[in-house]
Amino acid sequence: MTHPAWDSTVAEIQASEKAGNNWVENKVQSRFAFEAMAWHKSKIPRNIWESSDTTTNISEALHADINCEGTQNSLLGGIMHARYFDTMRMKVQTAGHEFGIAPSSWPNTLTTSISHVMKCSALAKASELEGTDRKIIQQNKRLQMAYDKYCY
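My numbering puts the first residue of the sequence shown at 1, with every later residue one more than the last.
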């Protein structure tokens with residue numbers, strides 16, 4: 001993206017109100033935000049800039065997908081989940097390639113997005129409940145053992 005009046009637009013946003021000023025300051029302090037928004041602020045050659053995706057949808061989708069594997073993992077657990085995720089993703093891509101199914105052929109509608117979010121939420125909640133159930137079962141066994149030991 002190029003902008004004919006980049007600097008004046010940023011200055012106008014910064015001067016608009018506190019929220020605008022805070023937004024600009026946040027982008028300046030990040031040291032990459034403006035460079036990611038405008039080609040002339042980056043050090044990327046123009047032909048590479050123009051050939052790349054215009055959105056972060058792929059990164060966002062991958063981030064959401066991997067979060068379905070869990071977000072409360074240990075380091076090793078996270079690595080193992082990511083490895084499993086990568087393996088499964090590669091199998092899906094390979095099968096799609098072998099049978100001529102392009103990713104753009106997959107439905108990308110509000111309904112599928114909502115369904116995906118609901119599925120991830122349900123899986124995360126089920127995993128959380130399974131962990132709680134295991135703790136309850138373990139405590140019940142301990143209580144039963146104590147009861148059997150002292151009450152009979």
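No lab work stands behind these hints, which were simulated from the structure alone.
Please note: incorrect hints may appear among the correct ones.
[Stated by the list, open to error] Calculated lysine to aspartate or glutamate pairs in the EDC-like style (CA-CA distance at most 16 Å, straight line): (1) Lys27 / Glu12; (2) Lys119 / Glu69; (3) Lys119 / Asp86; (4) Lys27 / Glu50; (5) Lys41 / Asp65; (6) Lys125 / Asp86.
A quick note: this is a predicted structure, and the numbers were derived from the prediction, not measured.
Checked hints:
no. : hint           : verdict
1   : Lys27 / Glu12  : holds, 15 Å
2   : Lys119 / Glu69 : holds, 11 Å
3   : Lys119 / Asp86 : violated, 19 Å
4   : Lys27 / Glu50  : violated, 22 Å
5   : Lys41 / Asp65  : violated, 31 Å
6   : Lys125 / Asp86 : violated, 23 Å
When the structure is compared with the earlier hints, violations turn up for hints 3, 4, 5 and 6 and for no others.
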